[in-house]
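Whenever a hint applies, use it, and build me the whole structure from the sequences.
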Amino acid sequence: MTARSLFVPTTLFLLATFLIGPFLIIVAASFSAGETLSFPPQGFSLQWILKVFTVESFRASFAMSMFLAIGGTAAALVLGIPASYALSRYRLPGAEIIRTIVSAPIIVPGIIVGLSLLRYVVVPFGVGITLALFLAHTALILPYAVRVVSASLDNLRSDIEEAAVLLGSSRLGAFFRVVMPNIKGGILSAFILGFVTSFNQVPVSLFLSGPGVRTLPIDMMAYMEIVFDPSVAALSSLLAFLSIGIVFAAERFLGFSRYV
Amino acid sequence: MFQNRAEAFALALPAAIFAAAVFIVPVLILLSDGFRSLDGGWTLAAYGEFFSSPLNQAVFLRTLKLGALVTVVSAVIGYAAAFSIVSLSPAAKGRMTGLVVLPLMISPVARTYAWIVILGRTGIVNQAFQVLGLSEAPLRILFSETAIFIGLLQLFLPLMIISLISALENMPKDAVPAARVLGANWFQVFWKVILPLTKEGLVIGGTLVFTGCLTAYITPAILGGSKVLMLETLMYQQVAVSNNFVAASVIACILIVMSFAANLLLKRVATARNTQRKAAR
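These protein sequence lines map, in sequence, to chains A and B. Take 1 as the starting number for the first sequence in the numbering used here and just add one per residue. Take 261 as the starting number for the second sequence in the numbering used here and just add one per residue.
These are calculated hints, taken from the structure and not from any lab test. No residue lacks a Cβ here, since even glycine has one placed at the ideal position from N, Cα and C. A few of these clues could be false.
As the list claims (entries may be wrong) - FRET-style restraints, in silico, Cβ to Cβ:
1. B:A521 to A:G94: 16 to 26 angstroms
2. A:T100 to B:L329: 47 to 57 angstroms
3. A:G21 to B:T303: 31 to 41 angstroms
4. A:T54 to B:S297: 28 to 38 angstroms
5. B:K433 to A:V165: 39 to 49 angstroms
6. B:A328 to A:F18: 16 to 26 angstroms
7. B:W446 to A:R252: 20 to 30 angstroms
8. A:L242 to B:L359: 32 to 42 angstroms
9. B:T303 to A:L156: 34 to 44 angstroms
10. A:F253 to B:A266: 16 to 26 angstroms
11. B:L392 to A:G21: 13 to 23 angstroms
As the list claims (entries may be wrong) - Computed far set for chain B versus chain A, every beta-carbon distance over 12 angstroms:
12. A276
13. A280
14. D293
15. S297
16. G308
17. Q317
18. F320
19. S344
20. R371
21. S404
22. T493
23. N523
Stated by the list, open to error - Covered stretches of chain A, going by a simulated chain B footprint (3 or more residues, C-beta under 8 angstroms):
24. 21-30
25. 43-53
Here it is, written out as structure tokens:
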């Protein structure tokens, strides 16, 4: 073996250990029978996995995170699909300005979005925390929705809908019967990307979390500061498998990576 | 291309108005708060005050230092990793790329939490040190800059590797063998051939990693504790503990200016590459 033929396998082994190792340790720790978080795990049990489902605050914050991820992504798509369509199919004055405005939330750190919403929308207008979280998550996902949907619109030839219109279809009818079926994959990919982004997001929700209203990742961070048992490890593993499962399914059935 | 302007605006404006109302206007008000004096005039006093505090200076410098360090180290590891991955057979390359992307799907809270198990007082590293007799008492690795560095590196390394893989794949296939035939050693090949040809990928990856580090909240919050702060955790403390919204506005402005500068650089590199590609066709 020369030095060079050893270089590639060694590098790849170290890389895999560094990137995936910590995750495997978390998975192993969640099957521990011990009372405190440790590795190697003490014995084997499912008690921490089962305990996750009985913690009241986890259940509430999981429901909140699901609501924000699904509702926020849906709202971002309702706003984003027409905007992407206008940007890619119409000669629109100020198109660049509109594109910059809708994609700005991706450049600005989430913690700033959360704080300014709290100070200048929630407090002065008496907006509820749940609604504020919903608005923040929608704004956060909007840039992803516009980017992914725009990409699939740009890949679709625009003359097929022009043909539909020439053949007597209404503009709206052409959109729903000709364009929509062709960008379905892009819309679903945008939904999955938005869902995962929103679900894992912490800084945006930081200042917008009140008593009893929390997203799951923030609840996990609060819990791990107080309790040092393996339940956060168990919950982390469950969530990780959930998001890996979603992305794998998306890749298999949609060719997710074509759009993202 | 459709010409109807009213229709186009009707489609695009709801999204633009929403983003402006929920996001752009509140953020601009927040930023302007940092430049306001008590009598309503404009002033830079808040910035002077912010940077006169030794704690704030330390946090600012630490954020820059960790960002730079993580970017440089991820570039070094990234080249070795991307080079190895590109040299694999197509099937193995696909699997390895998947393995690099996989962590990006996992919640950053979960990924950071793992380091508590590894670096904590009774963690694997300390157990190993005790067994090997390297240290008597357990080392305090958690809640330090080292812990944050490791956490950030693991979080953002995939972004660098992915950028470098695509840069290396776009490199002319015969560039490296040609340089070797002409007598260059591996160091010269990297410095004079690979680096100039993959510069754009390096800049894109580097910008993603650096801005990621600047605006990191989860990693310093979990691995830095309440003592070792970075800009975002300092901002959180200023608001949640000290109620100091002016300082928060100053930090927000610093973060936004740095992220915008990085994004501008990214955009320029991307457009330069597109024009180059078009010219090559």
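Structure-based check of each hint:
no.	hint	result
1	B:A521 to A:G94: 16 to 26 angstroms	25 angstroms, holds
2	A:T100 to B:L329: 47 to 57 angstroms	32 angstroms, violated
3	A:G21 to B:T303: 31 to 41 angstroms	51 angstroms, violated
4	A:T54 to B:S297: 28 to 38 angstroms	54 angstroms, violated
5	B:K433 to A:V165: 39 to 49 angstroms	46 angstroms, holds
6	B:A328 to A:F18: 16 to 26 angstroms	20 angstroms, holds
7	B:W446 to A:R252: 20 to 30 angstroms	40 angstroms, violated
8	A:L242 to B:L359: 32 to 42 angstroms	19 angstroms, violated
9	B:T303 to A:L156: 34 to 44 angstroms	53 angstroms, violated
10	A:F253 to B:A266: 16 to 26 angstroms	39 angstroms, violated
11	B:L392 to A:G21: 13 to 23 angstroms	19 angstroms, holds
12	A276	5 angstroms, violated
13	A280	6 angstroms, violated
14	D293	8 angstroms, violated
15	S297	19 angstroms, holds
16	G308	21 angstroms, holds
17	Q317	20 angstroms, holds
18	F320	15 angstroms, holds
19	S344	4 angstroms, violated
20	R371	7 angstroms, violated
21	S404	17 angstroms, holds
22	T493	9 angstroms, violated
23	N523	5 angstroms, violated
24	21-30	holds (count 5)
25	43-53	violated (count 0)
Comparing the model with each numbered hint stated earlier shows that hints 2, 3, 4, 7, 8, 9, 10, 12, 13, 14, 19, 20, 22, 23, 25 do not hold.
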